[in-house]
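There are 2 protein chains.
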Amino acid sequence: MKLATYKDGSRDGQLVVVSRDMSTAHYATGIAGKLQQVLDDWGFLSPQLQDLYETLNNGKTRHAFPFDPALCMAPLPRAYQWADGSAYINHVELVRAARSSEVPESFYTDPLMYQGGSDDFLGPCDDVIVPKEEYGIDFEAEIAVITGDVPMTATPEQALDGIRLVMIANDVSLRNLIPAELAKGFGFFQSKPATAFSPVAVTLDELGDAWDQGRLHLTLQSIWNGRKVGMCEAGPEMTFHFGQLIAHICKTRNVRAGSIVGSGTVSNKGVPRADGKTDWPKGYSCIAEKRAIETILDGKPTTEFMKFGDTIKIEMKGKDGQSVFGAIDQKIAPLP
Amino acid sequence: MKLATYKDGSRDGQLVVVSRDMSTAHYATGIAGKLQQVLDDWGFLSPQLQDLYETLNNGKTRHAFPFDPALCMAPLPRAYQWADGSAYINHVELVRAARSSEVPESFYTDPLMYQGGSDDFLGPCDDVIVPKEEYGIDFEAEIAVITGDVPMTATPEQALDGIRLVMIANDVSLRNLIPAELAKGFGFFQSKPATAFSPVAVTLDELGDAWDQGRLHLTLQSIWNGRKVGMCEAGPEMTFHFGQLIAHICKTRNVRAGSIVGSGTVSNKGVPRADGKTDWPKGYSCIAEKRAIETILDGKPTTEFMKFGDTIKIEMKGKDGQSVFGAIDQKIAPLP
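The listed protein sequences correspond, in order, to chains A and B.
Heads up, the first sequence is in the working numbering, so the first residue is 1071 and it goes up one at a time.
Heads up, the second sequence is in the working numbering, so the first residue is 1071 and it goes up one at a time.
Quick caveat, the hints were computed from the structure, so don't treat them as lab data.
One or more hints might be untrue.
If chains are identical, the list can't say which one is meant, so a pair holds when it fits in one copy or spans any two.
[As the list claims (entries may be wrong)] Lysine to any residue pairs mimicking SDA-like chemistry, simulated, CA-CA at most 25 angstroms apart: (1) K1104 with R1081; (2) K1077 with D1110; (3) K1298 with K1377; (4) K1321 with D1380; (5) K1377 with M1222; (6) K1321 with D1082.
Quick caveat: nothing in here was measured; it's all calculated off a predicted structure.
Pulled out of the complex, with its shape left as it was, chain A reads as follows (with noise of 0.2 angstroms):
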C-alpha cells in the first residue's frame, strides 16, 4: 500500500492512503490520524490500512479525493531517529579522489553512518529554505525506509524484516560548511539542515522483485533547473543493503519504531572508455559528486552549488514507468 500525510495545521499532519496510481487519496480517519501510530501498532493496524487500500484502488471508496502532493508533509513529518548511511562507496571513492585521499580498506566492510536531525522535516514540495546561498546548497538523492523494532544485536537478515516501508528522500547538504565541521571531528550538524522525503512511503510488496534483499533496483531520476542530472542504478552498487544499515545501528542500541534510515546519494561507477579515460553515463544524485567528478578530470570543479531560485525534482519509476512514491519537487529559497 501506499501512504502519505496531509497538512492540516498540525504538527503531525493527517495520515492518508493514496491508490496505487497515485491518482486518488482517502483519509485514514477511524483507522490512524498519524503514520507513527501505525508504526507503533503495526501488525493490528496495517492488515486495515490495507483493506482501505485495496478498496481504493477499486474505486469502492464512498470519500476518496484527487491525490495532491503539493499538499503533503513528509510521510512522517518529525521521527525519533533519522540514521542515515552512505552505503554507495562509489560515492565515497568518488569525493575521496578528487581529493586525492584514499579509502579506508574498512569501508567496504563497516559502513559510514551519520546520526541527522528529525524534528523538522520538509514534504515534498516545499521550499528548502537556506539562511545563506554561500552554504553551498546541495540536492542529495537518496532511498529511505522506515523501520518497525529492530532489537539490539539484530543481524543484517533480521533487521530486514523490521523494514516496513520505503521512501526517497532529498538529504539536503550545505557543502560550504561541511570541511570546518567534518574538521571538529563530531560529524555532520549545522551541514546537514531539514530533509525532505517522497509524497508517499510504501509497503515492500508494492515495489515487487524490484527490492531484493534490501537493495531496491530501480533508477533514481534527478532534474535539477529541469535538465536530468542523474539516472542513477540504485540496486547493483549498493555496497550496504538496508539490512545491513540497520544491523549497524543496532550494534549497541534498540532500533525503535519509526526510525528513518537512509541509503546516502545514490551513486554508479564511471565506464572506463576506449581511450582510457571513464565516463559517467549514469550522471549524478548530488553536485557534489559533478564536482568531484570535474576536479579529477580537469584538477578543479567548474560546476557550482545551487542559487535561490533553483529547482530540483527527485523521482524513481517502476518497471511500468509509473511513478513509485511521486516526486520531490523543491524550490531552493531564502528565509523569507
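Keeping the supplied structure of chain A fixed, place chain B upon it in accordance with the hints.
Quick look at chain B alone, frame taken from chain A:
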C-alpha cells in the same frame, strides 16, 4: 513545576505532575497524557499543569500517590531530537592533553555538538544494557534542557526563551568504540548507546537563582559503585550556555518543540598546588576524564571502565540540600 513520565507499558508512558519535594505525584490525565503533547502546546497546557502542581504541593489533590522514581521512564521516553554539546571546554582540554593534542582556537567560540539517537531513551533506574563489557562502558553526567519551537537563525538570547524544562542525563559512552568511529570522520554513532534521564524535568522557576542566563549554578554529583567520584560545579565553567548551544543548532534549521539539548560532561578545571602539581578536587563526571588526568600525571590510565554489575548514581541538589531532579540510579548489565 516538576513533571515525570510513569511506565504504563506504552511507548510514551503517562505524564505525572510531581510535588516539589518529590514525595507525591498525580496523573495529568484530563490535561495531557504525554509530555510531548504539552511541549507541542505549551502555552495552553502548561498553566493547567501548573495549577495541578500547586494543588498537589498544598496537599489538596484527591488522587495523589507516593512518587517512585523506579517507575519512571525518561521524562520524554523518546524524542524528535537529542543534540548533545560539549560545553565544558575543560573536558575537551583534559581529554586532548592526555593524547598531547592541542585544542583548536575555534573550540572556544564555536560549540562542539553531536546528534544523538533519540528513539529509545532509558528511564532513570533502567539498567544500561551493553552487549560487551570490552566496549569500554562509561557514564557521562550532564545537564539537558527540553525546548519549545526555536526558529532558524535564532540568537543565543532568543534561544534562551525557548527553554521549557531542565533535566540531568547519563549520556552513556562506549569509549573503546570511539577512536575507530571518529577516525571514519562522521562522528559518534555506535559509541553512543541509549541515554538515560532524571526522574523529573523541571521548569526554570523551580531553579530560582541557580538558573542564570542559560547556566545552572548547582553541583552535579556522580556516585560510582557507591563512591562519590564527582562533585562538579555546573555553572561557572560552562563555556557555552544553553542559549548558545540551541542557537548553534538553529544556524541552518528550525528546532522544534520537544528537542533535547545536552551540555556534555560537566567538568571543572584542576587547581594548581603549592608544589607546582595540579589537583582536581571536584572529581570527575565521566571515567574518561579521570583516565585523562591519570595519563597527564603518570603517563598512563589506571582506572578501568565500568563492568557488568557496576552502579552509577547521578544527582543534583538544590541550595536547600533537596534533590532537584531525583536521582539517575542505574546498573550496567549484559543483554538478557
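Which of the listed hints are broken here?
Of the numbered hints, all hold.
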